[in-house]
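Q: The lines below spell out each chain.
4 protein chains.
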Amino acid sequence: MTYEVKSLNEECGLFGIWGHPDAAKVTYFGLHSLQHRGQEGAGIVANNSGKLTGHRDLGLIADVFREEKIFDELKGNAAIGHVRYATAGNGSINNIQPFLFNFYDASFGLAHNGNLTNNISLRQNLEMNGAIFHSNSDTEVLMHLIRRSKKVDFMEKVKEALNTVKGGFAYLLMTETELIAALDPNGFRPLAIGQMKNGAYVVASETCALEVVNAEFIRDVKPGEVIIINDDGFKIDRYTEDTQLAICSMEYIYFARPDSNIYGVNVHTARKNMGRTLARENKIDADIVVGVPNSSLSAASGYAEESGLPYELGLVKNQYIQRTFIQPTQELREQGVRMKLSAVRGVVEGKRVVMVDDSIVRGTTSRRIVNLLKEAGAKEVHVVISSPPLKYPCFYGIDIQTRRELIAANHSVEEIREIIGADSLYFLSEQGLIDSIGLQSEEKYSGLCLAYFNGDYPTPLYDYEERYQKSLGEKVSFWEV
Amino acid sequence: MTYEVKSLNEECGLFGIWGHPDAAKVTYFGLHSLQHRGQEGAGIVANNSGKLTGHRDLGLIADVFREEKIFDELKGNAAIGHVRYATAGNGSINNIQPFLFNFYDASFGLAHNGNLTNNISLRQNLEMNGAIFHSNSDTEVLMHLIRRSKKVDFMEKVKEALNTVKGGFAYLLMTETELIAALDPNGFRPLAIGQMKNGAYVVASETCALEVVNAEFIRDVKPGEVIIINDDGFKIDRYTEDTQLAICSMEYIYFARPDSNIYGVNVHTARKNMGRTLARENKIDADIVVGVPNSSLSAASGYAEESGLPYELGLVKNQYIQRTFIQPTQELREQGVRMKLSAVRGVVEGKRVVMVDDSIVRGTTSRRIVNLLKEAGAKEVHVVISSPPLKYPCFYGIDIQTRRELIAANHSVEEIREIIGADSLYFLSEQGLIDSIGLQSEEKYSGLCLAYFNGDYPTPLYDYEERYQKSLGEKVSFWEV
Amino acid sequence: MTYEVKSLNEECGLFGIWGHPDAAKVTYFGLHSLQHRGQEGAGIVANNSGKLTGHRDLGLIADVFREEKIFDELKGNAAIGHVRYATAGNGSINNIQPFLFNFYDASFGLAHNGNLTNNISLRQNLEMNGAIFHSNSDTEVLMHLIRRSKKVDFMEKVKEALNTVKGGFAYLLMTETELIAALDPNGFRPLAIGQMKNGAYVVASETCALEVVNAEFIRDVKPGEVIIINDDGFKIDRYTEDTQLAICSMEYIYFARPDSNIYGVNVHTARKNMGRTLARENKIDADIVVGVPNSSLSAASGYAEESGLPYELGLVKNQYIQRTFIQPTQELREQGVRMKLSAVRGVVEGKRVVMVDDSIVRGTTSRRIVNLLKEAGAKEVHVVISSPPLKYPCFYGIDIQTRRELIAANHSVEEIREIIGADSLYFLSEQGLIDSIGLQSEEKYSGLCLAYFNGDYPTPLYDYEERYQKSLGEKVSFWEV
Amino acid sequence: MTYEVKSLNEECGLFGIWGHPDAAKVTYFGLHSLQHRGQEGAGIVANNSGKLTGHRDLGLIADVFREEKIFDELKGNAAIGHVRYATAGNGSINNIQPFLFNFYDASFGLAHNGNLTNNISLRQNLEMNGAIFHSNSDTEVLMHLIRRSKKVDFMEKVKEALNTVKGGFAYLLMTETELIAALDPNGFRPLAIGQMKNGAYVVASETCALEVVNAEFIRDVKPGEVIIINDDGFKIDRYTEDTQLAICSMEYIYFARPDSNIYGVNVHTARKNMGRTLARENKIDADIVVGVPNSSLSAASGYAEESGLPYELGLVKNQYIQRTFIQPTQELREQGVRMKLSAVRGVVEGKRVVMVDDSIVRGTTSRRIVNLLKEAGAKEVHVVISSPPLKYPCFYGIDIQTRRELIAANHSVEEIREIIGADSLYFLSEQGLIDSIGLQSEEKYSGLCLAYFNGDYPTPLYDYEERYQKSLGEKVSFWEV
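Listed in order, the protein sequences are those of chains A, B, C and D. FYI, the numbering for the first sequence is 1 to 481, going by the numbering used here. FYI, the numbering for the second sequence is 1 to 481, going by the numbering used here. FYI, the numbering for the third sequence is 1 to 481, going by the numbering used here. FYI, the numbering for the fourth sequence is 1 to 481, going by the numbering used here.
Hint data in this document are derived by calculation from the structure and do not stem from the laboratory. Some clues are possibly wrong.
If several chains are the same, the list does not tell them apart, and a pair holds so long as it fits within one copy or across any two.
[To be verified] With a straight-line cut-off of 25 Å between C-alpha atoms, the simulated DSS-like cross-links for lysine-lysine are: (1) K151 <-> K235; (2) K157 <-> K75; (3) K317 <-> K340; (4) K317 <-> K197; (5) K51 <-> K75; (6) K197 <-> K235; (7) K69 <-> K470; (8) K391 <-> K157; (9) K317 <-> K470; (10) K340 <-> K197; (11) K159 <-> K317.
Given the sequences, and given the hints that come with them, work out the whole structure.
A: Printed below as a string of C-alpha cells:
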C-alpha cells in the first residue's frame, strides 16, 4: 500500500479538548499523532471563554503551525482540531477545517470526519432556499441545518440536524460554552473519549492521540450518541435509538495507527492475528516472511510466528519520502530508478519469499513490489494479503467511489496473481478477518462494515445509489486502467 | 537512539556518477536514499562537457531541489552530490557541499565525508602562507593542498594532497574530465562503486544508493585507493600502501541503512545477528521483545527468534516527526505530552518486556523509553543493547568528541541500569559484536574500528591528541550532564 | 499624508473586463495601476465560458500573482479583480475579494468598493433567517439578498438587492454569462467604462487603469446605474431614479492617481488648482515651495506657479519603503533615525519654506515633517493644506469612523498650528475646494461629498447614526490621542 | 531612464559605523536609504568587541533583514553594510557583500563599491600562486593581497594592497579593532564621513544615509585617502599622493539621491541647474514641461522655471512597480498594455510638450515614452536631455562596458531624434554640465569624470584596454541592437 500510489485514503482525523489552559497546543500534539489520517491541511479552533479564534492552512500540521506565535492567537482552555486528507485537485484552503462560523448572536467551530450519503440533495435543497455554501466540504451542511432548525432549544436543533444527515460522520462542534461530539448511527468512524490528569476531557479519532497527550481512555463514543462536554463535566446523550454498529474494518486493516485501540481491540494485535490467520488458512513452502512497510509489518510478524518462518526486513521504506517533489522521469523509471521502497538484496537473494501486504487496490503497486523482490534475487514471491479482495466502493469516508479502480472487482484471484507476477496469491477470508479482529458484538455485521468486500452496505446509499448501481455493471480489465 | 535527542550523528553521504545523460537527477535520487546520513544541507555539482555548475542549500534534499527547474542549471552527464549532517549552531550555507571552485584555468567540484585529524594545523599553516578559507568545513583544505602542490602532473598533486591529510575521509572530486574518488588509509567510511545498465559508473557512500538507481555493485573502494573514472572507464590507483582496514563499526550498528552491504556484509543481517548474539549471551525471563524504532528493529527480531519470545510492536514512532518546529513546553512535557515515540498499551500492559536498542549515549533517551513502557503498564523492562558500552570519543567522523556526554565513560553498567530505571541491562560484548558482523578480514582490528568501545585508535590523533588525553581524566556524573 | 502613519485610507479598487482572450492577465495589469487603493490583498475571478475560477491572497497584487502558472487556472475571456485596503487586525484571507460563489445551479464572482451603512442590520436580519456569512466583509450581504429574492428574473433580483443595501458602493458581479457593474445612488466612489481596441469592455475604479490597458474611456458609471456587459455589448440600466451625485471629494484631494479623470476632471489638474487657489487665498512671505511627496506634489507646483515662488524638492520619499518590516526602535527614533521621508538640507537650509500637504488627520505626521524641515535648517515653515479641516467621520468607504482621531474636530486652526510647530497654517476653503475641482454639476452638493468637512451627509446614516451622534459630543485634546 | 529597461546601473552602496550600541540596526537604516544604488542583494557584518558576525542574502534590504531576530546575531557597536547592484545572470549569494573572512589569527569584513581595471590579471596571478577565490566579485582580491603582503605592519599591508588594485573603488574594511575606509586615487565614487549625536562615526556612499541616521556631515573622503576609525576617534591617512579628482558625473546626473550632497554640491540643485542650462542653451516653442519620473523631475522643474513654461505631471510612474514578476506578453505589449509609466491624457492632450529626461542609452526607452505621450494626445514632443550624448563605456563601476548598446556612439543627434520619434532633440553641452554642477576644483577634468561623453579616461584601462580599442571600431546601427 505504500509504494508510489497510495490508493486507499482515510478522510480526516479529529481532536477536541475541554478544560486545559494550553488547549490549542495540546490539540496540536494530538493532531500530530493523527497526521496519518490526513495530510492535505490542518486547523485548530480555540475557545477563550466564549471567544473563538482559528487558524488553518494547507499542508502538514507541522507546516500549518510552523510558528510559535500562531498559538498566541489561539488562546483559551478548549479547542478542536482537524487534519484533512487530500482529495485530488481540490486543494483549496476553503475546505480546510475546523470551520469557524461567526454569527451576530453566537460563534461555532465545526470539524467533520466521514462522508454524507445525502449531502448532494441536502445541499441543493438548502441552496434553493437561499443558503450560501463556501466550501465543497460536506461539513458545512450541518451548520445550515442547525441554523435553520425551527426547534427552540439548541441541543434539539443539533439533534434534528444529526438526524437529517445520513452516512458516515463523526462531528466535533465547539460552541461558546461547550464541546459537542457526535457519531453516526453505524459508528463507521472511530471516536474515543479520554481524560487528562488535570481533569481536561479529550475526544479523538484514535486512542493513540489520547496516549500522546497522556490522557486516560474513558470510552468509545457509540453509534447515535452525542456527547456534551462543558465545565460541569461530560454528559452522554443520544439523537437516535436506531443504531447498528458497523465500524469500518479498514481502520483495523490499514488506516489506524497500530498503537490505537478501537472498541477495545488493539490494532497491532488485530493485524498480527490477521497474519496468523492467513498462515493457518494457507500453508506456503517458503524461506522467509517479508512485510510491506509500514502498515503490513504487524501482519507479517504474525504470519512469521504462526508459520515458523523467519521474519526478515526484506523491504526498506525511505523515511524521508514525504514531500518529495521531484519524481523520476518515465525514462529513469524504466531504468529502474526508484525512491520509496527498496528490496534488500542481501536478505532476499535466492530466497522463497512470503510477501505480506494489507490490501490490493489497483494491483499496480503489488506488481511493482513483486518485481522489486524478484529483481533483487528472490527465487519465488508468494503474496499474502491480510484482507479479503476489495470489490465494492465505499461511501462512508474512504476514497474509493468507483469499481473501475478495483482490480478484484473485475478479475479472479488467479488473474490478479498473474497480473502482479506472484508465484501464488492468497487473500484473508471474510470470516478470518472477523475472527482476527475479534470484536465482541452481538449485532448484525459482527460490528464491522465489510461492504468493500461483500457489497453489504449497512445503510441506504441515497445520492450514491444510482452511481453504485451503474458501477455494478462495469467490467473493466486491469490493462485499461 | 530515536527519542527526543539524536545523539550519534554521521557526518555526510556521497554520491557520484559518470556517463548518464540525466546525471544530476540520478544523483538526486541517489542522495535521497542517503538522506539518513545528513539532514542539514545538500548539494549537487554537475559537469556538462567540462562546464561545472552547482546548486546547494540548507535543508533536506527534497527541499533543496524542490523545483524541477533547478535541474535545468545542472545539465551534463556527470555529477557529484552530498548530504551534510547538522553540526549544532553552524548552519551556514557556506559549509554545504559539494564545493565548486572556479579558477582561471580549471573548475572543480569537491565533496567530503569524514573528519581530518590534522585539519587545524594544516589550515593554520596554509593561512600563514596566504590561503583564504571560506567555510568551517575541513573539505576545503584538500583543494588548497592540490593547488599549492609543486608536482607537475595533476594526479600527483592529488596524491600528494591525500597523503598530507590525516584521519577519516572519503572524497569525491569532479574535474572537467574525470570523477575521482578516494578513501583514507583505514577505510573508516564506506564507499562503493557500481555500474548502471547504460554503462554509467556510480560511487556512493552506501550500496542502498546503488540499488535505488538500479546500479549493479562492482566493489567497495579500499583503504588508500584513489579511483579515476572518465569516458574510458574506471581505473584503480593507490596513493599509499600503508593501509589498515578499520571500518567504523557504528556503520553496522546504527548509521547505515539496513539494506546496505558494507564489505559484503548486509547491515540488517549483521544487526539481526547482534540481536541473536545478545540473546545467547544473556538469558532473560520475559514475555515479549520490543525494538526501539527504527534502527533497532532488526536486532529485536534477531533477539526474538533466538530467544523464542514473540516479537511485538510495543513502541511506535511517529512517521511525521521530521521538521516539527513546535515542541511541548516544559509544563506539557511534565504532563506527559510527547510526540515522537509512543508505547502501545494494548501490547505491553502487564508484560515483562525485553527492550532492544542499539546504543546508549547519554542515557536520557533510554531512561525516557523505559519510563514510557512502564507508564503503559509494562511489568518489567529489560534493556538489551546491541553494542558494547560507548566510552571513548570518535575523531573520524562521528559527532562524539568529548567523553563528558558518554554515560558509560563515567558509570558502571549497574549504575547505568539504575539511572535509566531498567530491571536489567545488558550490552553486547566486543567479541560478540565482531562475530555478529563477521567481517572476513585477517587484519588487526578485525577490519573494524572499535575505538569508541575500547579506546584503541587505529591512527595517531594529531590535533586531537591533547584534547583526548585531557578527556581521559574527566570524571562526570550523569546528573551533571 | 505619507509619513509614518498613513491615516486616511480608501477601501478598495475594482477592475472588470469582458471579451479579451487574456482577461485575467489584463485584469492583473489593471489592478496593478489601482494598487494605491488597497494593499492588504488582491484577487481575480475569471470566467471561462461559464466556468468561474478564482485566486486571491493577502499581499500586494505582485505577490498574490507572483507565479505565471496561477494564470493557467484563470482562463477565460472575462474577469473581475479587486485590491483590498488593510483594515487593522483583520488580515484574514476570507475577506479578500472577489468572492467566488458556487451554487448547484450557478456560479458568481463578486467584488465591492465602499461601505454599506445598513450592513449590520441587514446581516443580523439575514442571520436570524438562517443565513451563514463567511467573512466580515459587507460584500457578502448582496449575494444573500440576490439569492433570497422572490423575484423571478435574475436582473430583478439584482435590482431589488441593490435597492436594499444603503451607503456607498460600487459592485462588480460576474455571472456565467455577463459582467454587471452597479453604483450607489450618490456615486460616492468613481467607476468608469472603457473599451479596448479588440472590442473588450473594461470597467475600473479609476481611468488610470483604462489607460494602462490602452482602453478608450467611454463614460463614467452614474449614480443608480447598473451596467450589463455580455457578448452582445453593454447596456445601461437603472435600479433607482432617486439619485444625487455626491462624489467623494477626497478622491480628488488625496486618493486617486493624478493621471485619473473623475467625471471629466483630471486629478492632477484639480490638485494643481487647489494649490493655485490656496496661493490666492493666502499670501505668504517665503522663499521656496515644497510639497510632501507624493500626493501633494501637484498642489505644490500649482502653489509655486501662482505665487511665483520656486518649486523645490525639499522632501524626498524613500522609494523602497513598501514592505519594510524592521522599524526603528523608540530609542533610535529619538536619536532621529528615520526611514520614509528625508528633508533636503541643501535645499531648505536657511530658507522660509511653504510646505504643501493635502490634509491633516491626527496632526502627528504634520508635526514630524515640520520638525524635519526645521532640523534641516529651514528658517520658517508655513504649512498650507489643500483641503478644508477634516472634522467629521466618513461612512461611505474611507477609514475615519470616529472624530477622536481628527485633530480639527477638537482644535482651532491656531491650536493646530501650535501643535504641529508651524510658523503659520492655512487650509483651503470649502468654496475654494469646490471651485478648484470645478465639477460641472447643477445638483445639490455641487456633485461632491464634503461631509468630512461640514457634516452634511447626503444620506441617512442608518446603523451608524447612533455612533455618529455620540461622537459629536466627544471633545478630545490632541495630547490624549 | 525608468521605463521598462533600466540601462544604467550603479554598482553598490556602502555604509559603516563605529561606536553605536545598535550598530547593525543603524546600518540597516542607512542601507535602506542607499537601496537605489543596488537591489540584487544586501548584507551586514557586525563587530561585537572583536567577534565578527554577518548576514547577507539576495533581495532588497527589507527582504534580507525581514526578521527582527536576525539582528540578535549581529550584536556589537560597529558594523559595515552593503547593497549590491544586480549584474545580469550572476545572482549567486556568494557575490553578496560584505564578505566575512575568518582566519586562525583574525577576522575581517570587507565591502566594495566600484570596478577594478586590473582585476583579471591580479586574480590570475594570485591563482597561479595557489590562491582560491570563492566569488566572481573583484572585492576578494584585496583580501588576498593583504594576506600575502610581506609587510609587517597591518596598515602597511593594507596600503600596499590599495596601491596594487587599479580603477574605481571605495572600500570598507572591518577589522576586529577598527573600521577602515579607502577611496581610489580619482575618487570616482562618493564616500562621506559623518558623526551621530552619541559620537558614533559613520561612513556612507551618499550623504542621504547620514541624514537618515541623523548624523552630521564631517567631510567627503578624498582620492587616495584611507580613514581609520576606532575607539580613539578617526584618523586620516593616505596610501598615495598621486591623485586626481574625477568624480563620476553620472552620480550628479542620474545615480545619487537628490537629497545627497557630493563634494558640497546638492544633487537636486545640480539637476535643477542642468534643466535651467538646457532651457538657456535651447529655446523651444512649447506649452508645458514634463519630467520623466523620478530622476528627471528636478531637471524638469529647472527647465520650467527658466523657460517660464508650466511644470506639469504629464507622466506618472507606478509606485508599486518593484518586484513585479508578471510581465505583459508580447501580444499584450502590442495592444498597449503597460505597467510602469503612464502618460496623463488630461494634462498632455493637445499640448506641445517639452519632455525632460536625464540620458539616452539605447534609445528604446525614449522612443516608448515619446510614443506614450503622443498616444495620449500630445501635439508635439520635444525631448531635452540633461546630459551630453553617452558615447563611451565606463570601466569604473557603471554597467556600460560596450559601445554596442550606446545609440549615441553610433548615431548623430538628428538620427537619434528620428529614431525616438521626437519633434526635436537637445542634449546638454559638456560645458553646460560642468557649469551646472559647479564643482569647485582647480584640477584637470574639473574634478569630474566625463569619459562616457568624451572618451577621456583619467586612468590607464589595464585589462580593459584591448576590449576598449576594439569597441572603438564597432559601428552598430540602432536597429540591430
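Q: So which of those numbered hints doesn't the model satisfy?
A: 2, 7, 8, 9, 11
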